[in-house]
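Heads up: the sequence shown is residues 0 to 152, going by numbering that gives the first Met the number 0.
I should point out that these hints are in silico values taken from the structure, not numbers from a laboratory. Ideal Cβ positions, reconstructed from N, Cα and C, are used throughout, including at glycine. There could be a bad hint or two in this list.
[Claimed, not checked] Here are the simulated DMTMM-like pairs of lysine to aspartate or glutamate, each with C-alpha atoms no more than 20 Å apart in a straight line: (1) K128 to E72; (2) K92 to E28; (3) K56 to E76; (4) K128 to E109; (5) K55 to E76; (6) K37 to E109.
[Unchecked claim] Pairwise CB distance ranges (calculated): (7) A137 to A78: 32 to 38 Å; (8) K92 to K50: 27 to 33 Å; (9) E109 to G54: 31 to 37 Å; (10) E72 to S42: 26 to 32 Å; (11) R111 to E52: 19 to 25 Å; (12) E52 to E28: 28 to 34 Å; (13) F136 to G62: 16 to 22 Å; (14) N27 to N124: 18 to 24 Å.
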Amino acid sequence: MKTKVLLAVIALSYAPLGVAGNKADYPNEKVAAFVIEKLDVTSLPSAFRPKKEKGKKTFADYGFTAQTVGENEALIEAAGGMKRLAIKVLDQKSSGIFVCVAEPGEHGGETRAQSVVLLNRKNPNTLLKGRESFREFAACPVIGGSDSATNSY
Numbered sequence: 000m001k002t003k004v005l006l007a008v009i010a011l012s013y014a015p016l017g018v019a020g021n022k023a024d025y026p027n028e029k030v031a032a033f034v035i036e037k038l039d040v041t042s043l044p045s046a047f048r049p050k051k052e053k054g055k056k057t058f059a060d061y062g063f064t065a066q067t068v069g070e071n072e073a074l075i076e077a078a079g080g081m082k083r084l085a086i087k088v089l090d091q092k093s094s095g096i097f098v099c100v101a102e103p104g105e106h107g108g109e110t111r112a113q114s115v116v117l118l119n120r121k122n123p124n125t126l127l128k129g130r131e132s133f134r135e136f137a138a139c140p141v142i143g144g145s146d147s148a149t150n151s152y
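Please put together the full structure from these sequences, using the hints given.
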């Protein structure tokens with residue numbers, strides 16, 4: 000009985016180390032630049048992601064360039080200015096990073112679509128995957144971007 004208890008205590012003492020080793024750390028500074036570099040854009044909601052192309056995953060792969068990058072905000076643009084996205088970091092937790100992804104209107108006009116996306120990854124060697132979040136932030140009310148709002152002739 001003593002041996003079983005001792006083995007259980009040893010196993011439990013090493014469990015946090017195994018779990019901590021799988022944790023994907025996120026930076027505390029220059030978070031917007033980190034998101035632009037490490038985001039798998041194919042995992043964004045359909046209103047924001049480019050058309051999927053084989054072998055392409057990141058903004059750089061799709062030819063996007065950063066127009067402005069701040070501590071928690073960035074504006075990126077596709078080659079030729081065909082598509083622009085604004086990314087704003089809203090909150091950061093150990094479970095992931097909440098960002099507001101928006102498609103600004105032309106010439107600083109009204110935002111066409113905007114949504115809160117939770118970004119996370121399984122380990123430090125993988126890209127950030129995004130999924131639409133139902134968590135609400137005053138800085139990012141949901142605007143447009145639903146699949147039902149497509150153009151019909």
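To see whether the hints hold, each was checked on the structure:
For the hint linking K128 to E72, the alpha-carbon distance of about 18 Å falls within 20 Å, and the restraint holds. Simply put, K92 and E28 have alpha-carbon atoms about 14 Å apart, close enough for the 20 Å limit, and the pair holds. Simply put, K56 and E76 have alpha-carbon atoms about 16 Å apart, close enough for the 20 Å limit, and the pair holds. Under the criterion of a C-alpha separation no larger than 20 Å, the hint pairing K128 with E109 is inconsistent with the structure, at around 27 Å.
Taking the CA atoms of K55 and E76, the gap is about 16 Å. The hint holds against a cut of 20 Å. Taking the CA atoms of K37 and E109, the gap is near 28 Å; set against the 20 Å cutoff, the hint is violated. Distance hint check for A137 and A78: the Cβ-Cβ separation is about 34 Å, which falls inside the suggested range of 32 to 38 Å. With their beta carbons about 31 Å apart, K92 and K50 fall inside the hinted range of 27 to 33 Å.
In this structure the supplied range 31 to 37 Å holds for E109 paired with G54, their Cβ-Cβ distance being about 35 Å. Distance hint check for E72 and S42: the Cβ-Cβ separation is about 21 Å, which falls outside the suggested range of 26 to 32 Å. A hinted range of 19 to 25 Å for the beta carbons of R111 and E52 is consistent with their spacing of about 23 Å. The supplied range of 28 to 34 Å is met by E52 and E28, whose beta-carbon atoms lie about 32 Å from each other.
Checked against the hint of 16 to 22 Å, the pair F136 and G62 fails, with Cβ atoms roughly 30 Å apart. Judged by the Cβ atoms, the range 18 to 24 Å given for N27 and N124 holds: they are separated by roughly 20 Å.
Violated hints, listed in ascending order, are 4, 6, 10 and 13; each of the other numbered hints is respected by the structure.
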